[in-house]
Amino acid sequence: MNEATTPVGEPAPMGAAPTTGLAGGETTAPYAKRLRPGIYRRHHYLAVVVFVVATAVLAPMFAESRSTQFLVNLWLVYSITGIGFYWVFGLAGRFAFCQTFMMALGGYMGAWVAQSSLGGGFLVQVALGVVLSAGVATAVGLLVRRAQAFYFAIATIAVAEMGRVFFSKAEWFTGMNGTRTGIPPIRLFGRDYIAESEVFWIFLGGLALVLLLAAVIERSPLRRDAVAARDNALVAAVAGVPTGRAQLTLFVLGSAMGGLSGALMGPWTGTTGDTSFGIELAIGIFLMLLLGGIGSMWGPVVGAAFYVAVPDLLSGFDKYATIVYGALLLVTIILMPEGIVGGLGRLRLRLEGRWRRMRPKGAVDAVG
Amino acid sequence: MLSADGIEVHFGAVRAVDGVSLEVGDGEIVGLVGPNGSGKTTFLNAVCGVVPARGRLEVAGHPVRLGAPRAAARAGIGRVFQAPQTFEALSCIENVLLASADPRARGLLGATVLRPLMWSREQRRWLEAHEALALVGLEGATATPAHMLTYGERRLLDVARAIVSAPRVLLLDEPSAGLNDSETAALGDLLTRVHEEREVPILVIEHKIDFLDRLCDRVVVLDVGRVIASGPPDEVWRDERVMSAYLGATRAEG
Ligand SMILES: Nc1ncnc2c1ncn2[C@@H]1O[C@H](COP(=O)(O)OP(=O)(O)OP(=O)(O)O)[C@@H](O)[C@H]1O
Ligand SMILES: [Mg+2]
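Same order as they appear, the protein sequences are chains A and B. Position 61 of the first sequence, counted from 1, bears residue number 61 in this note's numbering, the numbering being contiguous throughout. Position 149 of the second sequence, counted from 1, bears residue number 149 in this note's numbering, the numbering being contiguous throughout.
It is worth saying that the hints were derived from the structure and are not from the lab. As the structure is a prediction and not an experimental result, all values here were calculated from the model. Treat each hint with caution, since some may be false.
Stated by the list, open to error - Anything over 12 Å on all C-beta distances counts as not near chain A; from chain B, calculated:
1. Asp5
2. Val14
3. Ser100
4. Asp102
5. Gly110
6. Pro145
7. His195
Claimed, not checked - Listed next, with one range per pair, are the computed distances between beta-carbon atoms:
8. A:Leu335 x B:Asp217: 19 to 29 Å
9. B:Glu199 x A:Ile157: 48 to 58 Å
10. B:Arg15 x A:Leu328: 48 to 58 Å
Stated by the list, open to error - Covered stretches of chain A (chain B as the covering partner; in silico rule of three or more C-beta atoms under 8 Å from a C-beta of chain B):
11. 211-218
12. 244-250
For glycine and all other residues, C-beta sits at the position ideal for the given N, C-alpha and C.
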């Protein structure tokens, strides 16, 4: 977690704080660097690069059959929506039940654009899917911005249900019986990406961008504000934190990632239908987060891997899949209440013996 | 500096604060006392916008909207709650950074396209936060996760968070609760130091009489939601209404 506490008894840097002038930024830097909060000491970008390179090298080696390649791609798109849900639920603490609705919205929008006279390339389809889900999320978020915890959950369930009704009625948008078929495959820069092994590169690129976005959010005041709003909105507001804005931002951004993954799935599978975004997936996204760990941007990535892999490993025992999920979840909650990623992080701290050393030194003798 | 006029807070039929008018001048430390349930905490809640209230509130001559915590924070009202309110998922310095008065590059734009601006604002905020932590004696705990602090340290962290934005007035709710005598004395020193170094007037709720005598220029006494006395501590303690209010409360409790 944190690499070191600020040494006690260092020359006090306070006096050096300039208050005005552009040059101030430069003079503060060497002092400020020592004071930066632990979150900025973590190697988010390096982790993203390592992850993307490792996946690019290992996944094609490991995924030999077409069906395994399909699962790898599914893992990548689920990771995207999972990271979005991590922002909404993990960081902003918003209990939203409309992530799959956002996926459907993005998916239908992409398909509608692709099959309308508008045409538009793959990037345009995806972008419009993202924009639509972000727009709807903004409207929903503003409408129910005062709703806390439980009421927000109910409101988002209502939105998702209304969406379902809309999807079944608006066949001009969603296709016959709410299913669009024959969506043209991904075509980017004059090249088609049809085979699973080709789509893989598009999805990996998409996930890489989303991970990068996740990394910059981790390393920003927005994260801190959202966490404070999540843990105690009242005290945060008294401290002056723009709680509503932080939570709305992450809700919209997370929903947009739902839209993104939905829009990616259409041209990949050729169809977009409400059934691919049903209640099972809605619960699945929760599972991914809880299993992988709600306290880290890597949680949903790890959780999505399990979510995708478990049914496959159990093929032939399909009817036990639910039980295995349940058991897996129970075991995780008991052994690693912070999920797999959280548990590993704690283990690392233990091994490095940092846990004890992080106790403040000079402070213990002060009041209390 | 702080000027509250006819503040009223109702909880259903209960008038928890019933027309309280109170001033905290520049350079003053004012004690707010009264029997249990007299409305002291509720008054502070009204001032920092946590409960819906009626009346008029001004900070440094500017009116402050009631019932809006962020408006109160922006007007320069810093608040320390009775029970420490730390954000355990964050480190100490992050706890303090939350209250930074600088709103720039704090949202999505700052996190993404305006990163250089965000970075330079952040560095300045770290320095401010570190100064505040140093003032309360927590400079060694900058990177410590807040959940590892002791009860007393958490209270200090709350004080640091309340002063980092250079507030115009500081409100404290029973800061000595749960501390022993020597800790209380240290806290008194700390508040004096904060008061002098930051030139911030303080309104403090307290039950410990000698703590008040040492710290306060003036005390205001509340009883059932009204101000019944106000003045220098030694005069107020001799006031008949104050004595009977406390006596009545003691009798009712016993
Ligand atoms: N949220 C609330 N809902 C209903 N009644 C409340 C609420 N908060 C406070 N009260 C009532 O308002 C009155 C004043 O309470 P308050 O907490 O302000 O007293 P206090 O002076 O701070 O007391 P203490 O010394 O015990 O802290 C009490 O009668 C209390 O029961
Ligand atoms: Mg109280």
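- Message: Over 12 Å from every CB of chain A: does B:Val14 meet that, or does the non-interface label fail?
- Response: holds (21 Å)
- Message: Checking a non-interface call: every C-beta of chain A should be farther than 12 Å from the C-beta of B:Asp102. Is that right?
- Response: The assertion about B:Asp102 is violated, with a minimum of 10 Å to chain A.
- Regarding the assertion that B:Pro145 does not contact chain A, is the least Cβ-Cβ distance greater than 12 Å? violated (7 Å)
- CB of B:Glu199 to CB of A:Ile157, is that within 48 to 58 Å? Given about 52 Å between the Cβ atoms, the range holds.
- Query: When you look at the beta carbon of B:His195, is every beta carbon of chain A farther off than 12 Å?
  - Reply: Since the minimum Cβ distance to chain A is about 16 Å, B:His195 lies beyond 12 Å and the statement holds.
- Decide, holds or violated, for the assertion that all CB atoms of chain A are farther than 12 Å from the CB of B:Gly110. B:Gly110 not clear of chain A: closest Cβ-Cβ about 6 Å, inside 12 Å.
- Query: Would you say the stretch 211-218 of chain A counts as covered by chain B, given the rule of at least 3 residues with C-beta under 8 Å?
  - Reply: holds (count 3)
- chain B covers the stretch 244-250 of chain A, three or more CB atoms within 8 Å, holds or violated: holds (count 3)
- Task: Taking the shortest Cβ-to-Cβ distance between B:Asp5 and chain A, state whether it exceeds 12 Å.
- Result: holds (21 Å)
- So the hint says 48 to 58 Å: do the beta-carbon atoms of B:Arg15 and A:Leu328 match that? The hinted range 48 to 58 Å holds for B:Arg15 and A:Leu328, with Cβ atoms some 55 Å apart.
- Hey, does B:Ser100 actually stay past 12 Å from chain A on C-beta? Not fine: 8 Å to the nearest Cβ puts B:Ser100 too close to chain A.
- Quick one: are A:Leu335 and B:Asp217 within 19 to 29 Å, going by C-beta? Distance hint for A:Leu335, B:Asp217 is violated at roughly 58 Å.
When the structure is compared with the earlier hints, violations turn up for hints 3, 4, 5, 6, 8 and for no others.
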